[in-house]
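**Q** Listed here are the chains, written in short residue letters.
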Amino acid sequence: MTRKKRRLYVLVLCLLGIGTGSALTLTALEDNLAFFQSPTDILEKPAGDRNLRLGGLVEADSVERLPDGASIRFRITDTKNAVAVVYTGIVPDLFREGQGVVAEGRLGADGVFAAREIMAKHDETYMPPEVKQALERAGHPGGVVGGTTR
Amino acid sequence: MTTAASFHRFANPARFQRIGDLLLPWLFGATALLLGVGLWLALVVSPPDYQQGDTVRIMYVHVPAAWMSLFVYTSMAVSAAVGLVWKHPLAEVYAKAAAPVGAGFTALCLATGSLWGEPMWGTWWQWDARMTSVLVLFFLYLGFIALVDAFDEPARGAKAGAILLIVGVVNVPIIKFSVDWWNTLHQPASVFRLDGPTIHSSMLWPLGLMAVGFTTWFAAVAIVRMKAELAERRIRAIRIAQIGRE
Chain P
1 MTRKKRRLYV LVLCLLGIGT GSALTLTALE DNLAFFQSPT DILEKPAGDR
51 NLRLGGLVEA DSVERLPDGA SIRFRITDTK NAVAVVYTGI VPDLFREGQG
101 VVAEGRLGAD GVFAAREIMA KHDETYMPPE VKQALERAGH PGGVVGGTTR
Chain Y
151 MTTAASFHRF ANPARFQRIG DLLLPWLFGA TALLLGVGLW LALVVSPPDY
201 QQGDTVRIMY VHVPAAWMSL FVYTSMAVSA AVGLVWKHPL AEVYAKAAAP
251 VGAGFTALCL ATGSLWGEPM WGTWWQWDAR MTSVLVLFFL YLGFIALVDA
301 FDEPARGAKA GAILLIVGVV NVPIIKFSVD WWNTLHQPAS VFRLDGPTIH
351 SSMLWPLGLM AVGFTTWFAA VAIVRMKAEL AERRIRAIRI AQIGRE
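Protein chains in written order, with the working numbering: chain P, 1 to 150; chain Y, 151 to 396.
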């Protein structure tokens, strides 16, 4: 075996080793790498009085302003389960019913999630407003046709 | 072997200088044209997004910077492997020349991402898998830049740097697939996905022009920096020879 070949084999073996090691580590850390938990996760595995992030969609017709004028109450759903959330403060511009959202805070004993921070998620679809309107007129409410917008 | 032969045709630094000088004006010209037209399309002609409005225009800088940060790192790791296995004389020169430029792309990606995250997501920074792995990429670049110059003997620095680059390459697929493997605040890929882009063509075109413009700019700067590195090595060799004579 020439020296070049031996160096190449050593390199490939090292890469395989590093790759396998990283894959195992990341698989083992799977739960910790998730940015948020879904309502189902939280209901099935209650975390107790601990800070966590709850993510899902803002349930349709669930947003209501509370009498104090600064707080809102809404429900985050993963379409299977939903958790009620209370938040005091200004929500991001993209916050609306049906939108992806992540709330950071604690789940209270009454089952209501007290959020300290609200973040809006947006999907990977980008299109001009006119295209969105045209798609809605054509009967595609989400504006997405089979993964593509063209 | 023909591959090895063609490989070593370009191994000659003098030949590299000649080809580089030939390419440079074209690369700089193409960059000016692509970025000029690309920015005009991106900032003026392209439509606002249906949900993000004009904020979407940050994408035309953020996304090409992110692509370049991954592309430059991958190319440096490949060149490090070529340097270690085949002892290609230009491999370590390329890695050293490209590193600060790649670090710059990563910093630009992180900065524009933060500026985009605040109005849309409502946060400057979160430790989600995508953002954290890109920050790790930034530190890999900085680590490489520091490590290469940390040895008295340049050849040992280049070797240590090459090993760091090759080990760090595992981070590249982690960045790319972080948004698919774990739930993140960052949305999944819009362009490089199996079922085709989810960006309307009126936005995809300016994005493509910007990305090609970033690439030609990088190629031009890499050639200039490689020429400077080769000149520095010549000066070092001449100095050592002079000391030897005295």
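Heads up, some of the hints might be wrong.
What the hints assert, rightly or not - Here are the simulated DSSO-like pairs of lysine-lysine, each with C-alpha atoms no more than 27 Å apart in a straight line:
id : chain 1 : residue 1 : chain 2 : residue 2
1  : P       : K80       : P       : K45
2  : Y       : K237      : P       : K5
3  : Y       : K309      : P       : K4
4  : P       : K4        : Y       : K237
Unchecked claim - Residues from chain Y shown here face chain P by an in silico Cβ test under 10 Å; the list is partial:
id : residue
5  : D171
6  : L172
7  : L234
8  : S264
9  : L265
10 : T273
11 : Q276
12 : V317
13 : G358
14 : A361
Unchecked claim - Residues of chain Y clear of chain P, computed beta-carbon distances all greater than 10 Å:
id : residue
15 : Y200
16 : W217
17 : L297
18 : A300
19 : G307
20 : K377
21 : I385
22 : I393
Please keep in mind that the hints were generated in silico from the structure rather than gathered at the bench.
Cβ coordinates follow ideal geometry from the N, Cα and C atoms, glycine included.
**Q** Give a verdict on every hint.
**A** Here is how each hint holds up against the structure:
1. P/K80 / P/K45: holds, 15 Å
2. Y/K237 / P/K5: Holds: Y/K237 and P/K5 sit about 12 Å apart, inside 27 Å.
3. Y/K309 / P/K4: Holds, because 16 Å separates the two Cα atoms, which is no more than 27 Å.
4. P/K4 / Y/K237: holds, 9 Å
5. D171: Since chain P brings no Cβ nearer than about 31 Å to Y/D171, farther than 10 Å, the hint is violated.
6. L172: violated, 30 Å
7. L234: Since the shortest Cβ distance to chain P is 6 Å, the answer is holds.
8. S264: Since chain P brings no Cβ nearer than about 13 Å to Y/S264, farther than 10 Å, the hint is violated.
9. L265: Violated, about 14 Å.
10. T273: holds, 5 Å
11. Q276: holds, 7 Å
12. V317: holds, 6 Å
13. G358: Hint violated; Y/G358 Cβ to chain P Cβ min 13 Å, cut 10 Å.
14. A361: Constraint on Y/A361 not satisfied, violated at 15 Å.
15. Y200: violated, 4 Å
16. W217: holds, 15 Å
17. L297: holds, 17 Å
18. A300: The claim holds: Y/A300 sits with its nearest Cβ about 22 Å from chain P, beyond 10 Å.
19. G307: With a cut-off of 10 Å, Y/G307 remains clear of chain P, as the shortest Cβ separation is near 19 Å.
20. K377: The assertion about Y/K377 holds, with a minimum of 28 Å to chain P.
21. I385: At about 30 Å from chain P, Y/I385 clears the 10 Å cut-off, so the statement holds.
22. I393: Non-interface label stands for Y/I393: nearest chain P Cβ at 32 Å, farther than 10 Å.
Of the numbered hints given earlier, the model fails hints 5, 6, 8, 9, 13, 14, 15; all others are met.
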